[in-house]
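From first to last, the protein sequence lines stand for chains A and B.
For what it's worth, the working numbering labels the leading residue of the first sequence as 1, then goes sequentially.
For what it's worth, the working numbering labels the leading residue of the second sequence as 1001, then goes sequentially.
Just so you know, these hints were derived from the structure itself, not from any lab.
Please note: incorrect hints may appear among the correct ones.
What the hints assert, rightly or not - Okay, derived cross-link-like pairs now, EDC-like style, lysine to aspartate or glutamate, Cα gap no bigger than 20 Å in a straight line:
#1 K1019(B) with E145(A)
#2 K1019(B) with E41(A)
#3 K197(A) with E41(A)
#4 K197(A) with D178(A)
#5 K234(A) with D253(A)
#6 K1019(B) with D271(A)
#7 K197(A) with E84(A)
#8 K283(A) with D214(A)
#9 K1019(B) with D214(A)
#10 K234(A) with E260(A)
#11 K283(A) with E239(A)
#12 K1019(B) with D132(A)
#13 K197(A) with E5(A)
#14 K234(A) with D214(A)
#15 K197(A) with E172(A)
Source: prediction; values computed, not measured.
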Amino acid sequence: MSVIEVSRVSRHYHVRSGLRWWRRQEIQAVRDVSFHIDAGETFGLLGPNGAGKTTIIKMLTTLLLPTAGSARVLGFDVASQPGEIRRRVGYVFGGDRGLYDRLSALDNLRYFAELYGVPARAQRQRIAYVLDLVRLAGRERERVEGYSRGMRQRLHIARGLLHDPPVLFLDEPSIGIDPVGARELRATVSALADAGKTIVLTTHYMYEADELCDRIAILRDGSIVAEGSPADLKSRVSEGEVVEAVVHSLPADAIARIQELAGVRSVTVRDLDRAQVLLVQTKPAAQLAAEIAGCLRGTAIQSLSVRAPTLEDAYVELVGGT
Amino acid sequence: MSAGRLLRLVAVSWYLHLKMLHRSMFDSVMQVVWPLFFATTALLVYRATGDRDALSYAATGAAVVTVWSAVSSNASGILQRERAFGTLELLVAAPAPFSLSIMSIVLAVTTTGGYAVAATLLWSRFVFGVHLAPAWPLPFALALVATVFSFGVLGFLLAVAAVRYRAVFALGGALELPLWLACGFLVPVALLPSWLRPLSWLLPPTWGMQAVRAAAAGQSLWADLGLWAGSTAAYAAAAVWVAATVLRSARRHATLSLT
Chain A
1 MSVIEVSRVS RHYHVRSGLR WWRRQEIQAV RDVSFHIDAG ETFGLLGPNG AGKTTIIKML
61 TTLLLPTAGS ARVLGFDVAS QPGEIRRRVG YVFGGDRGLY DRLSALDNLR YFAELYGVPA
121 RAQRQRIAYV LDLVRLAGRE RERVEGYSRG MRQRLHIARG LLHDPPVLFL DEPSIGIDPV
181 GARELRATVS ALADAGKTIV LTTHYMYEAD ELCDRIAILR DGSIVAEGSP ADLKSRVSEG
241 EVVEAVVHSL PADAIARIQE LAGVRSVTVR DLDRAQVLLV QTKPAAQLAA EIAGCLRGTA
301 IQSLSVRAPT LEDAYVELVG GT
Chain B
1001 MSAGRLLRLV AVSWYLHLKM LHRSMFDSVM QVVWPLFFAT TALLVYRATG DRDALSYAAT
1061 GAAVVTVWSA VSSNASGILQ RERAFGTLEL LVAAPAPFSL SIMSIVLAVT TTGGYAVAAT
1121 LLWSRFVFGV HLAPAWPLPF ALALVATVFS FGVLGFLLAV AAVRYRAVFA LGGALELPLW
1181 LACGFLVPVA LLPSWLRPLS WLLPPTWGMQ AVRAAAAGQS LWADLGLWAG STAAYAAAAV
1241 WVAATVLRSA RRHATLSLT
C-alpha cells in the first residue's frame, strides 16, 4: 500500500520586483509531479538548487498548499486534512536553524514533545530513547548554542522522532556536516529505515542517496526527469565511460571543442579552489581520452583518468551538464 | 487534545520561553532599568503639580505603561524571532493549535513586564515617596493583573497578524505611544477629545485601567471589570480567528519561512 501518493501536483509562487512599479512574476516551482512511496521505503528526491525538492516536502508536511493536483499522506489529503497528517509525520531539515539555542537539548525536546502531544507520562522515557538513538545521551543538559553542527543535526532528528511518526521527511539533513558527522547521520537514517519508517530524503550528495534510498526521483526545473532505484538510474549511463580531468585555467573554447567530439554525451565543469574538474560522459566504446587530452592542449592538466559511471554521473547527465 | 493537555502545553511553553528570555543578562537588566527612566520623567512632571493624588495616579499609570511598552515592542516581533530561529515552520507543522503556541510565548513576554511593574512601584515608593494605599488592595491587584493580561491579548493579536504581514512588526512599535493616551494610563480618558473616546472604549486596557483607578479610590470596579472581560474575550476570539485565517493564507502564498 502506498503511504504517500502525489498526483499531478504543481505549485507556483508570485514574486514582486521593482522599486516604483511592482512587476508580478510567476515562478513555477513544481510542475505536474506524480509519484508514490510504499510503506517502509526510503525515497530520495534529488535535484539542483531550485529544482522543487523542498517545495514538495513542504506540501507533503502541510506547510504549503498545492496550486494544482492532489497529494495524500497515510490516506489523508494534504490540503483539507493537515491536522491528521501533522500528528503522523516528522519533519527534519538541515542547517543551523530550527532549534532554540538558548535552551538545552532536553528543554528543546520537552517543548516539542508538548507540541506533538507526547503524553506527559511517556515523555521522560521517549526523550531518553531518542537521545540515545542519536547518540546525544549525556549531553542533553548542555545549551544547544554550544553544540557542533553534527550534534545539532542529530538533535533535529531526535525532535522529529519524538512522537514516533511512521513517516519521516528529511530535507537535506547532512548539509554542512563534516564527513564523520555525515557518516553517523547516515547510520542513524539507515537504522530508522531498518525499523520500518517510511523516509523521504532530499540531498545533494549522491553517495548518500545511493547508500540510503530504495528509489530516487530526480527533479529538474520542478519536474521529475527520472525515477527508479539507484541501480536503474546508474544503468542509464553505465554503458559509457567517464573521462575525468583536473585542470587549471580551462578555456571556454576547449569545452566547445570537446562537446563537438563524436561520442560525447555531456560535459560538466566543477570549480574547485585552485583548479577545475572536467567530467566528460562518453558513449560506449568511444575511447575519447586521447582526443579530449588533445582538446586540452595548452591547458595545465593535473590528472586525467577514465572510469565507470557513478550515480552522480547519471544525475549530472539527467539534470544537464555545462 | 484534551483541555488538560492544552493547559499543560501552555504552562510548559510559557515556562520554557520565559527561561529563554532570561538567558540574556542584558535584556533582563534592561527590563528593570529602562522603565525607571520613564517613571522618573512622569513622576517629576506630576510632582510639579504638588498634588499627592496626581503623583499616585502617575505612579500607577507609569507602572502599567511599562508593561504595555514591553508587550507592544516584543509581541509583534515574536513571529520575526521565530522565523529567524527557523522554528516558525515547526510550530505550524506541529499538531498543537498554533494560536496556543503563540499565546504562550506572548504570555511569557507579558510576564517579564511584571518586573517592570514591581520596579516602577518600588522606585516610586523609595525615590519619590509615593505611598500607594489603594482603598481595596485585593481588587486593586486583581484589576492590575487583568489590565496586564489584556496587554497580552492585544500582543497576541499583533503577533499572529505577523504570520502573514511582516510589516506588523513595525506597527507594534507605532502603537506603543497612542495606547498610552487612548487607554488613560497617564491622562484620564475623560480629558480626551470626545471623538477619541469611542476608540478608548474599544480597547480592553481602558476598562482594566478604570477598574484599577476605581479600586484605588474605593469605588465599585465590577462594571469596569465586566467590560474588560467582554472586550478582552472579543479580542482573544478575534486573534484566534486571525491566526487561523493568516495561517491558511500563508500556506497559500508561501510566506511562512521567509526571513
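Okay, the hints, checked on the actual structure:
1. For the suggested pair K1019(B) and E145(A), the alpha carbons sit about 15 Å apart, so the restraint of at most 20 Å is met.
2. Only pairs whose Cα atoms come within 20 Å are accepted, and K1019(B) paired with E41(A) is rejected, the gap being roughly 41 Å.
3. At roughly 7 Å between alpha-carbon atoms, K197(A) and E41(A) fall within 20 Å of each other, so this suggested pair holds.
4. As the CA atoms of K197(A) and D178(A) are separated by approximately 25 Å, the hinted pair breaks the 20 Å bound.
5. Of the pairs offered as hints, the one joining K234(A) and D253(A) is violated, with about 30 Å between alpha carbons and a cut-off of 20 Å exceeded.
6. In summary, the hint linking K1019(B) to D271(A) is not supported, as the alpha carbons are separated by about 46 Å, beyond the 20 Å threshold.
7. For the hint pairing K197(A) with E84(A), the CA-to-CA distance comes to about 18 Å; that is within 20 Å, so the pair holds.
8. Between K283(A) and D214(A) the CA atoms are separated by roughly 27 Å; this puts the pair beyond 20 Å, and the hint is violated.
9. Restraint check for K1019(B) and D214(A): not satisfied, since their Cα atoms lie roughly 44 Å apart, outside the 20 Å limit.
10. Taken as a hint, the K234(A) and E260(A) pair is broken in the structure, with Cα atoms around 25 Å apart against an allowance of 20 Å.
11. Proposed proximity of K283(A) and E239(A) is supported: the alpha carbons are some 7 Å apart, at most 20 Å.
12. Restraint check for K1019(B) and D132(A): not satisfied, since their Cα atoms lie roughly 25 Å apart, outside the 20 Å limit.
13. Straight-line distance between C-alpha atoms of K197(A) and E5(A) comes to about 16 Å, which keeps the hinted pair within the 20 Å bound.
14. For the suggested pair K234(A) and D214(A), the alpha carbons sit about 13 Å apart, so the restraint of at most 20 Å is met.
15. Only pairs whose Cα atoms come within 20 Å are accepted, and K197(A) paired with E172(A) is accepted, the gap being roughly 18 Å.
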